[in-house]
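Sequences listed follow chains A and B, in order. Per our numbering, residue 1 is the first one in the first sequence, and the count goes up by one each step. Per our numbering, residue 1 is the first one in the second sequence, and the count goes up by one each step.
Since the hints were made in silico from the structure, they are not lab data. Where is the CB? At the ideal position from N, CA and C, for every residue including glycine. Incorrect hints may have been included.
[Said to hold, decoys possible] Which residues of chain A face chain B? A few of them, derived with a C-beta cut under 10 Å, are: (1) 46; (2) 50; (3) 75; (4) 78; (5) 81; (6) 84; (7) 89; (8) 90; (9) 140; (10) 143; (11) 144; (12) 269; (13) 270; (14) 275; (15) 374.
[Said to hold, decoys possible] Here are the computed lysine to any residue pairs in the SDA-like style, where the Cα-Cα straight-line distance is at most 25 Å: (16) 357/A / 365/B; (17) 79/A / 365/B; (18) 130/A / 333/B; (19) 233/B / 18/A; (20) 353/B / 274/A; (21) 79/A / 373/B; (22) 130/A / 387/B; (23) 102/A / 360/B; (24) 341/B / 143/A; (25) 79/A / 342/B; (26) 73/A / 353/B; (27) 341/B / 73/A; (28) 79/A / 387/B.
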Amino acid sequence: MQWETVIGLEIHAQLSTRSKIFSGSATTFGAEPNTQASLVDLGMPGTLPVLNENAVRMACMFGLAIDAEIGEKNVFARKNYFYPDLPKGYQTSQMDHPIVGKGFLDITLEDGTVKRIGITRAHLEEDAGKSLHEDFHGMTGIDLNRAGTPLLEIVSEPDIRSAKEAVAYVKAIHALVRYLGICDGNMAEGSLRCDCNVSVRPKGQEAFGTRAEIKNVNSFRFIEKAINHEIQRQIELIEDGGKVIQETRLYDPNKDETRSMRGKEEANDYRYFPCPDLLPVVIEQSFLEQLRGELPELPTQKRERFEREFGLSTYDASVLSASRELADYFEQVNATCGDAKLAANWVMGELSSLLNKEGLDIEQSPVSAEQLGGMILRIKDDTISGKIAKMVFEAMAAGEGSADAIIEQKGLKQVTDAGAIEAMLDEVLAANAEQVEQYRASDEAKRGKMFGFFVGQAMKASKGKANPGQVNQLLKKKLEG
Amino acid sequence: MHQLTLAQIARGLSDRQFSAEELAGSLLARIASLDPQLNSFITVTEELALAQARAADARRAAGESGALLGAPIGHKDLFCTQGIRTSCGSKMLDNFAAPYDATVVEKLAAAGTVTLGKLNMDEFAMGSANESSHYGAVKNPWDLTRVPGGSSGGSAAAIAARLLPAATGTDTGGSIRQPAALTNLTGLKPTYGRVSRWGMVAYASSLDQGGPMARTAEDCALLLGAMAGFDPKDSTSVDQPLDDYLAALSQPLAGLRIGLPKEYFGEGLDPKIASAVLAVVEELKKLGATVKDISLPNMQHAIPSYYVIAPAEASSNLSRFDGVRFGYRCENPADLTDLYKRSRAEGFGDEVKRRIMVGTYALSAGYYDAYYIKAQQIRRLVKNDFVAAFAEVDLILGPTTPNLAWKLGEKNADPVSAYLEDIYTITANLAGIPGLSMPAGFIDGLPVGVQLLAPYFQEARLLNVAHQYQQVSDWHLRAPAGF
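Could you put together the complete structure from these sequences and hints?
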């Protein structure tokens, strides 16, 4: 049977406000346990929440960026359950009246097609603390530094059809929140976490299958693996005559499997009700208009501009606009060299593989955009060939200075003087007289292969510096002639 | 000295008739000798009181003045006091010394008040008789076999017995006004949002409001002026300037339009209370007020609405008492669930558990719409009733309670009969309007209270009318025998 996968994602993005959503405590990651927990964060009797205006502002920016309806009046609600790292016994969240309503986000798939993913809603809520099970023999430590950190929970429609699409969507959200400057996107530190709702159904069937929710997956790679594993598990289960049950599962990256955390019957009744300590938040149209004016160029807009202005393919444009820093880098390279296609090729090619290999972010690139642009200029004016450029690039990466300095110092300047090349070719042909004879005696088909041998010898003799085009042209003339 | 009101104390201190330290010492001695009969204090803060009194005397000697500089008061034991036990009348918080001061406590301390102690109350403010306290029932000084009302019963009994001139209370469904009525005091529940709730341990957040309790309207005005005001730490507090409550006291009542809601004089009201209340109306007429019969048709739904909303909020507010970070923790918990279950089962009393269960039920999936949403709709109707009534009258007047103070233990078996005692007071909490109870006479030696209700933020008007009535009556000056 042919199966179709249906995926919906809930992404928790930690908003990069300086203080917590309902208290003045700092939100810095990695502080000593419980040093960033105020009376409010500790849930002390008699304490009250005061909403952080900046968190509202950031949520609105997100809403504007996904073309969503923004709740004119949104309401905080209490989600009641007991857990040691939940100090008040309830989480302040939003239920019936979220700040951000229906919107959408376009994602670019690997084949360059653009797919629109619906976003059901996004709401503000406070994070819980952390239970620390290591280091305390037979006991559990509680760190409430994270308690009260503002989160934006972004809920997608079940529009996603594969693990790859899911990753593309999460990457697009990741790029968007970073473009907006509302979340640092650091998945390792938990700034962006993802719950995946996965179900399968026979292809062509309209009704959804029963879904399982995989909680808290915290890297792009794990999202893909966890979903693929879960799809496989569900299909095998059904094909073996079993039934998927609605439950919460946990992905174990070490074993690459998901396992049941709790079933539906164990699910809490959260007894949501409007939080009486907080008034409804009224968002005025003028506030939104002002905010709209302050929004930066967003990934989709940038991608479209790259296609339009630079003639890049949709895929290339979407890779280059995936992060603001990468896009800025690319634009700087382009501004220096004036050749967008070459700039795109170098950024997505040599530069990306260098960064990958070294495990560096674009901001940490050892080759600056100006350096790379300067090098491309030398390719364009035939000072160096593409092959030599790779050597220059490596030297720049090793910190040996600008392209011009490296070319000068290493004497890599391309030889374009026809006379000099001819003299060099004459020497090469003389040294390989036997091969020249064979070449001339051969038919067209064989000649092609042999020609490459001469080019190789010539480039070797010139230490790669001879202009390859001229070498080709002159060599042909000499051999034919 | 113990007979003095706050206003008289202010004059005495200002005229150097006595020092704040002498006054505090005298009242502390009185508390030590008389409170064992009443059980109105949970904690007597003798050291703090004497230190604050000496500081007040020093400030006065340095040239400072201020009506509350050196004034002795007490706080209901749900206002957080830094370093001092804040028990909420519960075993759950018996070991809890608050790490900070409530805004009300801080403001009153800044005004120079002297805190004699923390006053007994129904556990977590849930009750109308002050019998649900972990620290035992409070007795009514007018008859030691009777309840003082609740939940601010400790505040009421202490003031009525002249152990204190004034105290703070809180009112979620009548917890200031009802005990004031049952002990011959003046007590004011301000407009919701007028007094900060920061540091006031929550029972039902959308209904809770702190306010003053004293023997006279003038003293309530003095205290309210220092307690009230916008607080950025409480999102539900209202940023609106304070009226000059003292200045407003002397306004004549000519032209005052008083509404008498027929629902307040119907079935269930002790007829003797009705006569006492109507006698007050006659006096007010003599002072220039006019009277009109009005109707608040949704009052009958107020109790069921209140007993959904208040427990629903309470069930959530009291979740933080889980034995993990502060408060009572059971011995040797087997696991986390056991820790939760036994800490809460052992730490909370019956009335608190009853309301947590009712509230949990009302918020549960499948019941939420039928109970909580319905109750909120009724709440809106109750509010609309008042808005409509205040288009025609300036003030609404009626009895504070349907009955006089009842015998200790009398209503223990039937919580609903105790809930019905709140019938006249609950509507003000649901609507958020201010309400005041003042002495209206005695029946068989037991005090009767009359309640005045006003539009939002018209506390000054309530205090004004009560003060004017207290100029032509002396009920409020009468002291219980033996105190």
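| field | Numbered hints the structure breaks, given as an ascending list | value | The structure breaks hints 3, 10, 15, 16, 22, 23, 26, 27 and 28; every other hint is satisfied.
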